[in-house]
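**Q** Listed below are the residues making up each chain.
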Amino acid sequence: MSPRTLAAIEAAALPILAVAAALLAFGLFAAWGGYPPLEVWRLLFVGAFGDAFSWQNSLQRAAPLMLTALCVAIPAQAGLMVIGGEGALVVGALATAAMPYLLAVPAGIAGTGLLLVAAILGGAAFGALIGAMRQWRGVNETISGLLLAYLVINLFKHVVEGPMRDPASLNKPSTRPLEESLLIGTLPGMDVHWGLVWGVIACAAASLWLLLTTHGFATRVVGGNPRAAGLVGLPAHRLVITACALGGAAAGLAGGFEVAAVHTAANASVISGLGYAGILVSFVARHQPLAIIPVAIVLGGFGAAGSLLQRRLGMPDASVQVLLGFAFVLILAAEVGRGRLRWPGSRSRSAA
Amino acid sequence: MDPRVNAMRLETVGLTKRFGDFVALDQVSITVQPGTVHALLGENGAGKSTLVKCLSGYHSADGGSMILDQREQVLASPTDARRLSIGMVYQHFTVVPGMTVAENLLLATGDITSIVRWSKVRAELTEFMASTPFQLDLDARPADLSAGQKQKLEILKQMRLRPRLLILDEPTSVLTPQEADEVLGALRQRAHAGECSIILITHKFREVMAYADEVSVLRRGRHIASASVAVVTQPMLAQQMVGESETAALPIARGVTSATTPRLAITDLHAQGDRGTPALQGLTLEVCAGEIVGVAGVSGNGQRELMQALTGQRRVLAGRIEVSGAPFSASREENRRLGVRSLPEEPLLNACVPDMTVAENLSLRTFDQAPSSQRGWLRAGAVRALAGDAIAAFGIRTRGPEEAIRQLSGGNIQRVVLARELSGTAQLLLVSNPTFGLDFSATRDIHRRLLEARNGGCAVLLISEDLDELMLLADRIAVISAGRIVLDCPAAQADRQALGAAMGGSTPEPQPAPARPGVTGCADNEALA
Chain P
526 MSPRTLAAIE AAALPILAVA AALLAFGLFA AWGGYPPLEV WRLLFVGAFG DAFSWQNSLQ
586 RAAPLMLTAL CVAIPAQAGL MVIGGEGALV VGALATAAMP YLLAVPAGIA GTGLLLVAAI
646 LGGAAFGALI GAMRQWRGVN ETISGLLLAY LVINLFKHVV EGPMRDPASL NKPSTRPLEE
706 SLLIGTLPGM DVHWGLVWGV IACAAASLWL LLTTHGFATR VVGGNPRAAG LVGLPAHRLV
766 ITACALGGAA AGLAGGFEVA AVHTAANASV ISGLGYAGIL VSFVARHQPL AIIPVAIVLG
826 GFGAAGSLLQ RRLGMPDASV QVLLGFAFVL ILAAEVGRGR LRWPGSRSRS AA
Chain R
1332 MDPRVNAMRL ETVGLTKRFG DFVALDQVSI TVQPGTVHAL LGENGAGKST LVKCLSGYHS
1392 ADGGSMILDQ REQVLASPTD ARRLSIGMVY QHFTVVPGMT VAENLLLATG DITSIVRWSK
1452 VRAELTEFMA STPFQLDLDA RPADLSAGQK QKLEILKQMR LRPRLLILDE PTSVLTPQEA
1512 DEVLGALRQR AHAGECSIIL ITHKFREVMA YADEVSVLRR GRHIASASVA VVTQPMLAQQ
1572 MVGESETAAL PIARGVTSAT TPRLAITDLH AQGDRGTPAL QGLTLEVCAG EIVGVAGVSG
1632 NGQRELMQAL TGQRRVLAGR IEVSGAPFSA SREENRRLGV RSLPEEPLLN ACVPDMTVAE
1692 NLSLRTFDQA PSSQRGWLRA GAVRALAGDA IAAFGIRTRG PEEAIRQLSG GNIQRVVLAR
1752 ELSGTAQLLL VSNPTFGLDF SATRDIHRRL LEARNGGCAV LLISEDLDEL MLLADRIAVI
1812 SAGRIVLDCP AAQADRQALG AAMGGSTPEP QPAPARPGVT GCADNEALA
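Taken in sequence, the protein lines are chains P and R.
FYI, in our numbering the residues of the first sequence are 526 to 877.
FYI, in our numbering the residues of the second sequence are 1332 to 1860.
Calculated from the structure, these hints are not laboratory results.
Every residue, glycine too, gets a C-beta built ideally from N, C-alpha and C.
Hints are supplied without guarantee of correctness; some may be wrong.
[Claimed, not checked] Distance windows between CB atoms, simulated:
{"no.": "1", "chain 1": "R", "residue 1": "G1707", "chain 2": "P", "residue 2": "L549", "range": "39 to 49 Å"}
{"no.": "2", "chain 1": "P", "residue 1": "A545", "chain 2": "R", "residue 2": "S1391", "range": "32 to 42 Å"}
{"no.": "3", "chain 1": "P", "residue 1": "H740", "chain 2": "R", "residue 2": "E1653", "range": "24 to 34 Å"}
{"no.": "4", "chain 1": "P", "residue 1": "G850", "chain 2": "R", "residue 2": "A1723", "range": "31 to 41 Å"}
{"no.": "5", "chain 1": "R", "residue 1": "S1391", "chain 2": "P", "residue 2": "V664", "range": "32 to 42 Å"}
[What the hints assert, rightly or not] Residues from chain R shown here face chain P by an in silico Cβ test under 8 Å; the list is partial:
{"no.": "6", "residue": "M1397"}
{"no.": "7", "residue": "Q1644"}
{"no.": "8", "residue": "D1686"}
[Said to hold, decoys possible] Okay, the calculated bits of chain R under chain P, using three or more residues with CB under 8 Å as the criterion:
{"no.": "9", "stretch": "1451-1458"}
{"no.": "10", "stretch": "1656-1667"}
{"no.": "11", "stretch": "1818-1825"}
Generate the whole structure from the sequences, applying the supplied hints.
**A** Structure, rendered in structure tokens:
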């Protein structure tokens, strides 16, 4: 086998092993709590992919994860660890809900498009800010992304509960619901909204961009070794900030869909940790945009199975969060094993 | 009384070590006489490191035996080696950066009491240091020490254990010639006094000839020859190392060039080091087309920052960099238009993307141009084809263009960078320690390429800590000290002593051909070869 094939097998094997180990650990965890592990494992898969209904539920959850995962994966390709995707999503949601307050949005598909463009631009601005602070002022992007996310979440709450609050929303402060004609419907014959299609398109486009265009290649060079990029004169600042903006745009779009396709208005339900879940998806997919699609479906499926575990076994709905937590720890641990998997008959690399 | 009471006699008999189906050591039998300095010569991958790792217990041999003082011993771990008083000094520093010299020395002994009585320890250490040829400030931290002093600290750490056999793996690779002379001279003295035997791994013939008593040559895991240094010559050793009849002379003739057009002009350059301290302080230097200007200096006097400033990896605070008369800021467009290429030191760290393939790394200069791309889309086939050509033309040993570059050996990584940077027409080549840690044939290959570029009219700025390399290749030598050029003279008139003095920071004597800032010595270079 060529070295490239071996590397590819290893790249795929490590995350799969990590998720398998997480399932094992989750089984032990369930057994410790007095639940039968075999039944837990079975229900996880039945709840995720057992029938058409659970498939739709899984895909519904996967759609925003694809977009928020891109907010981690694209900057990661440029060498940055941005975990503020939740912030970009919230900015996107707020931008979408705010548009009708700011201008007369035309009805129909043009208006919907306008809302989503606002979401994309809002998310992109958020991402670009993180990138710019890092490149020009040396601010660590991981910390600043997280803190900026808290900042915009609170800003979001303030605006939703204050200036933009719909007086009719009594128990749950919300903005005014979007007009019926602006809402995004479901895919034909399914209960899944159009965000899934856009998530897949975004992942595929990001993959094409990274692997097949000169701009994407230059971005990966900057991410792989900024010194080498400087040596060959690549404009590192511009490439990094662009990558952050693209990632932010994807998460912003996810926020747009949350408002225009799911909640019909901006309220606290938008802030449900989708941005943080995207971090796990991107890590399991090793920051490869194309791999994000299946990973988001699998992890979205596990999330969807939570309610089945609750109904059948009486496990708390949130217990799947434990599974996702195990998966995250183990995927980080698996990074250590990178390049160290031994294949039968392969030559040792430690020859002097 | 036998003066050689402490030094060890070592003999290996048919020592063999395999890694998978690769034979790293093949039936190696050498003898180190007590109280001598025994040099191990060989190219990268010749098996030197594997041999000494077997001797120091890091590898266990697959065959053969080791006889220490007439008794066969099996070393299963480094602890065994330590028990038998075998000490090892590594090529890379292993001092603890945040700890003082005293703390580092105490740590090295391994048996530390729960409560350290510093007054007693310091008295012991002072006494110990007085008994050695090396004197260091006990309170200094490694950050305050020069490379030479750090190497002395490494050796002191081992001496404290009173080794009977001391193994040094390229101990001088980061030292100035003066420091190397001092360290090796002192070690030889101790060996001859019978305190220990020494195995010295090195790439440098000069050190073998000057400081070793005997020399063994390894090639591809095999023991080629052992001889007393008194009866060998450099060409003999070189031939044994590479198995060809090549010598350490210029690889190709130095052609006649007319070095009168300034290609690179650096005026009053200022830049900061990593920790915000001034690293370049008014550096002025000129390089003409068709000449190699060598920059000599002790490591840490601004060489790294100069290279980074010239290649766009470090911000310039003040001063001008001009290439062919135009201001130069190392942008991609300028690099391309003015033909500026560079070979930085540690190519994997500074010039390659380790996780990318050989083909991708070869394309870093040209991926956004035809034929490698078209309207912003990469053409993988063209990139691979160009890579195939480069691999063939530069003799890069790889399993194919799709292999990740970090899998390659140091010499082959340097060849990849050479192939990339010398493709097309380079007008100005910025080079830094191009042969650091490379074996003989890779070094020769790189020297030849640099001379070819120079003969072809390229201006070459060669920053190197290897004075021999500069004396061999350069047309002019400039000495950098504390971020400025303090001496600039034609290489033919360069005198090792004067250069050394200038490198050490002392005021240089007035030179026969002085070079004031801005009036550097661009002149017709004679054919020397």
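**Q** Quick check: does the Cβ-Cβ distance between A545/P and S1391/R fall within 32 to 42 Å?
**A** holds (35 Å)
**Q** Cβ-Cβ distance between S1391/R and V664/P: within 32 to 42 Å?
**A** Violated, at about 50 Å.
**Q** Please check whether Q1644/R passes as an interface residue: C-beta within 8 Å of a C-beta belonging to chain P.
**A** Holds - the Cβ of Q1644/R comes within 8 Å of chain P, reaching about 4 Å at its closest.
**Q** Please check whether the stretch 1656-1667 of chain R has three or more residues whose CB lies within less than 8 Å of a CB on chain P.
**A** holds (count 7)
**Q** Could you tell me whether the CB distance from G1707/R to L549/P stays inside 39 to 49 Å?
**A** holds (46 Å)
**Q** Given as covered by chain P, does the stretch 1451-1458 of chain R meet the bar of three residues or more with CB within less than 8 Å?
**A** Coverage by chain P is violated for the stretch 1451-1458 of chain R (0 residues, Cβ < 8 Å).
**Q** Within the assertion that chain P covers the stretch 1818-1825 of chain R, do at least three residues meet a Cβ-to-Cβ distance smaller than 8 Å?
**A** With 0 residues closer than 8 Å to chain P, the stretch 1818-1825 of chain R misses the three-residue bar; violated.
**Q** Would you say the C-beta atoms of G850/P and A1723/R sit inside 31 to 41 Å of each other?
**A** 52 Å Cβ-Cβ, so the 31 to 41 Å window is violated.
**Q** Given M1397/R as an interface hint, is the shortest Cβ-Cβ distance to chain P below 8 Å?
**A** Violated: closest Cβ of chain P sits about 17 Å from M1397/R, beyond 8 Å.
**Q** Taking the beta carbons of H740/P and E1653/R, is their distance inside 24 to 34 Å?
**A** holds (31 Å)
**Q** Grab the minimum C-beta distance from D1686/R to chain P and call the hint holds if it beats 8 Å, violated otherwise.
**A** holds (6 Å)
Comparing the model with each numbered hint stated earlier shows that hints 4, 5, 6, 9, 11 do not hold.
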